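Participant: Sequence:
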Amino acid sequence: MSQHFKETPQNAITESGIARVIPCKELDIGDPIKWLSLGLQDLLRTPMLSIFYGVIFAAIPWLIFYLVAMTGWHLVILPSIVCFMLIGPFLAAGLYDISWEHEKGHKPTLAHSLRAIRRNAVNEWGFGILLMVLMIFWLRVASIIHALYPQHQIENVESLMPFLLLGTGVGALFCVAMFLITAFTQPILLERKVDLATAVMTSINAVWVNKVPMFIWAGIIFTMVAIGFVTGFIGFIVLMPLLGYASWHGYIDAIETKRERNYV
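Sequential numbering of the sequence shown, starting at 1, is according to the numbering used here.
The hints are simulated quantities; they were obtained by calculation from the structure and are not laboratory data.
Keep in mind the model is a prediction, meaning the values are calculated, not measured.
Don't be surprised by glycine CBs; every beta carbon is placed ideally from N, CA and C.
Treat the hints with care, since some could be wrong.
[What the hints assert, rightly or not] Simulated DEER-style distance windows between Cβ atoms:
(1) Ala172 <-> Thr71: 28 to 34 Å
(2) Arg20 <-> Leu63: 36 to 42 Å
(3) Asp28 <-> Gly232: 33 to 39 Å
(4) Ile56 <-> Ser143: 25 to 31 Å
(5) Ala197 <-> Ala172: 22 to 28 Å
(6) Thr231 <-> Ser143: 25 to 31 Å
(7) Thr257 <-> Ser143: 39 to 45 Å
(8) Gly232 <-> Val212: 30 to 36 Å
(9) Ala147 <-> Val212: 34 to 40 Å
(10) Gly232 <-> Thr109: 29 to 35 Å
(11) Val225 <-> Leu114: 20 to 26 Å
(12) Arg119 <-> Trp62: 27 to 33 Å
(13) Ile29 <-> Gly167: 30 to 36 Å
[Unchecked claim] Straight-line Cα separation of at most 27 Å, DSSO-like style, residue types lysine-lysine; simulated pairs:
(14) Lys25 <-> Lys211
(15) Lys107 <-> Lys34
(16) Lys34 <-> Lys211
(17) Lys34 <-> Lys104
(18) Lys107 <-> Lys193
(19) Lys193 <-> Lys104
(20) Lys104 <-> Lys25
(21) Lys25 <-> Lys193
The whole structure should be built from the sequences, with the hints applied where relevant.
Facilitator: In structure tokens, the structure reads:
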């Protein structure tokens, strides 16, 4: 499949000097659907490996809810989420490795996918810690917002509106920031021997340059995660591997390389 590289416009991100920014390509509005299609092909090629990772993704939130229900100790949520934020990048790296093996014409194996994290271990761990810190920060901000509007002061819908507006606004800003940081950071770290700052700044730049396609991609992710929750996390068994594979194809479609990539 041929690819046409376009010169990436310079902006405040690429000229910030904070870190090296790998150039990105301009995406088309229909590219996220293409990524899903290619991700589905990877899933169908390796159904057992996909289910293995999907079960783990489904089991972690189920375990968190089970512990809360069994113990009634809601404080278990925080350490559980912290663990998940550290484990999540490693699980995603395994899925990216499977798609990468398909691209290279190799047969993916569980052992090879589990070793994927070792390619850039220090920065992968750094990425997990960064996600953990951001999640803890969000939980603390949410606690402050909740403290500003205690339940005994909320008597009707009108008095509830400031709480909803503030919480929704802050939550939306946090989600945007997380998406900018995480959209392509993990696959960049997996494939390229670069530092965490370079990977993060490259991800932010690629999303910023391609706002409309990436907004559509964010909507697809949100929808699939919502379906996973509605189905009691069972949907994650299929949806999380599909998202992982599609994210890899999004990465190789968005970030420039010196050679042409093979999609299928």
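Participant: Determine for every hint whether it applies to the structure shown.
Facilitator: Status of each hint after checking the structure:
1. The given range of 28 to 34 Å is respected by Ala172 and Thr71, whose C-beta atoms sit roughly 32 Å from each other.
2. Range check, Arg20 to Leu63: Cβ separation about 39 Å, and the 36 to 42 Å hint holds.
3. At about 36 Å, the beta-carbon gap between Asp28 and Gly232 stays in the expected band of 33 to 39 Å.
4. Checked against the hint of 25 to 31 Å, the pair Ile56 and Ser143 passes, with Cβ atoms roughly 29 Å apart.
5. Evaluation of the 22 to 28 Å hint for Ala197 and Ala172 yields a pass: the beta carbon distance comes to about 25 Å.
6. One distance hint, 25 to 31 Å for the beta-carbon pair Thr231 and Ser143, holds here, with the actual separation near 29 Å.
7. A C-beta distance of roughly 43 Å is found between Thr257 and Ser143, which places it inside the suggested range of 39 to 45 Å.
8. Take Gly232 and Val212: their Cβ atoms lie about 33 Å apart, and the range 30 to 36 Å holds.
9. Distance hint for Ala147 and Val212: a CB-CB separation of about 38 Å, consistent with the stated range 34 to 40 Å.
10. Against the hinted window of 29 to 35 Å, the Cβ-Cβ separation of Gly232 and Thr109 comes to about 31 Å, which satisfies the hint.
11. With their beta carbons about 24 Å apart, Val225 and Leu114 fall inside the hinted range of 20 to 26 Å.
12. The hinted window of 27 to 33 Å between Arg119 and Trp62 holds, with their beta carbons roughly 30 Å apart.
13. Under the hint 30 to 36 Å, the C-beta atoms of Ile29 and Gly167, about 31 Å apart, fit the expected range.
14. For the suggested pair Lys25 and Lys211, the alpha carbons sit about 12 Å apart, so the restraint of at most 27 Å is met.
15. With a CA separation close to 23 Å, the supplied pair Lys107 and Lys34 stays within the 27 Å bound.
16. Restraint check: the Cα-Cα separation between Lys34 and Lys211 comes to about 17 Å, which is no more than 27 Å; the hinted pair holds.
17. Proximity of Lys34 to Lys104 is assessed by CA-CA distance (about 19 Å); at most 27 Å being required, the pair is judged to hold.
18. Using a Cα cut-off of 27 Å, the hinted pair Lys107 and Lys193 holds, with the two alpha carbons roughly 23 Å apart.
19. With a C-alpha separation of about 18 Å, the suggested pairing of Lys193 with Lys104 holds against the 27 Å cut-off.
20. With a C-alpha separation of about 22 Å, the suggested pair Lys104 and Lys25 falls inside the 27 Å cut-off, and the hint holds.
21. The straight-line distance between the Cα atoms of Lys25 and Lys193 is roughly 20 Å, inside the 27 Å bound, and the hint therefore holds.
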